[in-house]
Amino acid sequence: MLTISAAQVEALGEVERLRFVESMCLHLRNVFPKIVASLDDQAVKCRVEYTLRRAAVFGLSSRQDLCRYLNLAALFGWDFDRNPHRAWMRHYLTDEQVSRPSERLARLVKESAFRNKLQEKNRALREEFGQDEDPLDDSMSEFAPHAPLTLLDKESDT
Amino acid sequence: MSGASSWESAEQKAQAESAEQGPSDGTQECPLKERHAVEVVVKGMDDQPVAEVAVQLQNDAHLVLRAKTSRDGVVQFGGLDEGTYRLSLWELDGDAWEMTGDKRLPLGGRNQEKPAPWTSPPNAPPAQGFTHRIVQGECVAQLGYRYGFFPETIWDHPRNRALRAERSNLHILQPDDFVFIPAKKPRDIAVRTGLRTTLLRKGVPEELNVRFLRDDDSPRADEPFLLSITTASGALVSDIKGTTDARGFVHASIPPDATVAHIVLGKGSRQEVFELDLGYVNPIDSIAGVQARLNALGYPCGNEDNELGERTGQALRTFQQDRGLEVTGKPDEPTKKKLLEVSLS
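As you go down the protein sequences, you meet chains X and Z in turn.
In this text, residue positions in the first sequence follow our numbering: the first is 1, and each later residue adds one.
In this text, residue positions in the second sequence follow our numbering: the first is 1, and each later residue adds one.
Derived by calculation from the structure, the hints in this document are not laboratory data.
Bear in mind that the values here come from a model prediction, so they are computed numbers and not experimental data.
Glycine included, C-beta positions come from ideal geometry on N, C-alpha and C.
Do not take every clue at face value.
Think about it this way: if two alpha-carbon atoms lie no more than 30 Å apart in a straight line, the pair counts; the simulated DSSO-like pairs of lysine-lysine are [to be verified]:
#1 X/Lys45 to Z/Lys241
#2 Z/Lys267 to X/Lys121
#3 X/Lys45 to Z/Lys13
#4 X/Lys110 to Z/Lys43
#5 Z/Lys241 to X/Lys110
#6 Z/Lys202 to X/Lys110
#7 Z/Lys202 to X/Lys117
#8 Z/Lys267 to X/Lys117
#9 Z/Lys68 to X/Lys121
#10 Z/Lys68 to X/Lys34
#11 Z/Lys114 to X/Lys121
#12 X/Lys117 to Z/Lys68
#13 Z/Lys241 to X/Lys121
#14 Z/Lys43 to X/Lys121
#15 Z/Lys43 to X/Lys117
#16 Z/Lys33 to X/Lys110
#17 X/Lys110 to Z/Lys267
#18 X/Lys110 to Z/Lys103
#19 Z/Lys68 to X/Lys110
#20 X/Lys117 to Z/Lys241
#21 X/Lys121 to Z/Lys33
Pulled from the structure, derived: some chain Z residues nowhere near chain X, Cβ distances all over 10 Å [said to hold, decoys possible]:
#22 Lys68
#23 Glu98
#24 Leu105
#25 Pro182
#26 Lys267
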């Protein structure tokens, strides 16, 4: 009979977790090369670890949800969930009128994609009418300078 | 690589990841049994999807699942046992929505999601009516949207009889008017797994009708316009591009909580920009209401301060002269009647 101790289960889980972090680092390099271009591997890993901890605060745990959350962080800023200018995003993640954390994230992803398309459409229309761009520009960070990660050491609040 | 394509690639990668328990958990669930889904789509009176509608599914044990519609108006409840459930738009009055149809989901809604996380419904205080005091910019349509009613349900309520007698238009109220908001009537319907149920949210959207005239009162017909809307909730709204009709009207469907309409009329050197505070026009029987209409018609009164000062008196005299009325400089009945006729509300 094969006996696996609790410590071994924990160790196996940690190995799996580290593999996942590595795969997410690679994912950032592949899909968001501009955003992580100035970061060395350790800095990218640091951001992935940080983002996964933030995702856990919102009850997210599946690999799919963690990857989606990381995508949002890469596009809207590593601290997007604490950025007062993006309070609407936090509202989606904490909306108690939606039972499942995974569903809250799915709604946020949908809304983010929708807003991005809508802003592009509105911007094109305003240009056609010779109007200035929307002053409340909520673009994804690949269009705008990426916000610095300022809250890495301040994770106590949610 | 553009932002949009990065977004799509990123989402594809996420979709390829497992939706099961995360990387820090060494355990795995048993093979999943087949489960079922209920899907709901909420549409407005213009047949367009309505977002942010709270939806609740209840099982026989009185446990609930709660979700909200996305921009496509859709909510899906997966991980269900096959059967019938009770569905409600629990934040809305029972008369503010109705079922308009259902159809079969692809694959009959079968899925292999984890069992739905049923929970006990939160304790809610007993529904009670209350009185709302109007502030500038509010009308019954906005209150209906805010409190989850079809506007006419509020307007036609017996306890608002005195208000109806005083104000003929539910869209035009005076600050410090009192509106009774009744208790919501609860309502639910039966839905079966495997079906997409379509619901109608009554009273959504609202219609915006703004007419543009030249100095000689001829309509500004066939002019291009761009309409941008600001809402009380801060929701991002699609700009609307169009052309004024033969009578100079801009017609558009807008969210009921729209607060400002920003209209760019015309292009090039003849372009003009208008910013309209929606719901801000007071009833005609107030001086502020007279001032608002005179200002909109090009008879400047200055601030709508509800005072019959020199500028307002002059604007009234000019208006009366232009319209062939007796020139009194006062908001008499024939003048108010003509103002309502010309300003359309």
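Verification of the hints:
no.: 1; hint: X/Lys45 to Z/Lys241; verdict: 46 Å, violated
no.: 2; hint: Z/Lys267 to X/Lys121; verdict: 18 Å, holds
no.: 3; hint: X/Lys45 to Z/Lys13; verdict: 18 Å, holds
no.: 4; hint: X/Lys110 to Z/Lys43; verdict: 18 Å, holds
no.: 5; hint: Z/Lys241 to X/Lys110; verdict: 25 Å, holds
no.: 6; hint: Z/Lys202 to X/Lys110; verdict: 25 Å, holds
no.: 7; hint: Z/Lys202 to X/Lys117; verdict: 28 Å, holds
no.: 8; hint: Z/Lys267 to X/Lys117; verdict: 24 Å, holds
no.: 9; hint: Z/Lys68 to X/Lys121; verdict: 25 Å, holds
no.: 10; hint: Z/Lys68 to X/Lys34; verdict: 35 Å, violated
no.: 11; hint: Z/Lys114 to X/Lys121; verdict: 38 Å, violated
no.: 12; hint: X/Lys117 to Z/Lys68; verdict: 21 Å, holds
no.: 13; hint: Z/Lys241 to X/Lys121; verdict: 11 Å, holds
no.: 14; hint: Z/Lys43 to X/Lys121; verdict: 23 Å, holds
no.: 15; hint: Z/Lys43 to X/Lys117; verdict: 21 Å, holds
no.: 16; hint: Z/Lys33 to X/Lys110; verdict: 28 Å, holds
no.: 17; hint: X/Lys110 to Z/Lys267; verdict: 34 Å, violated
no.: 18; hint: X/Lys110 to Z/Lys103; verdict: 24 Å, holds
no.: 19; hint: Z/Lys68 to X/Lys110; verdict: 12 Å, holds
no.: 20; hint: X/Lys117 to Z/Lys241; verdict: 16 Å, holds
no.: 21; hint: X/Lys121 to Z/Lys33; verdict: 43 Å, violated
no.: 22; hint: Lys68; verdict: 6 Å, violated
no.: 23; hint: Glu98; verdict: 21 Å, holds
no.: 24; hint: Leu105; verdict: 17 Å, holds
no.: 25; hint: Pro182; verdict: 22 Å, holds
no.: 26; hint: Lys267; verdict: 6 Å, violated
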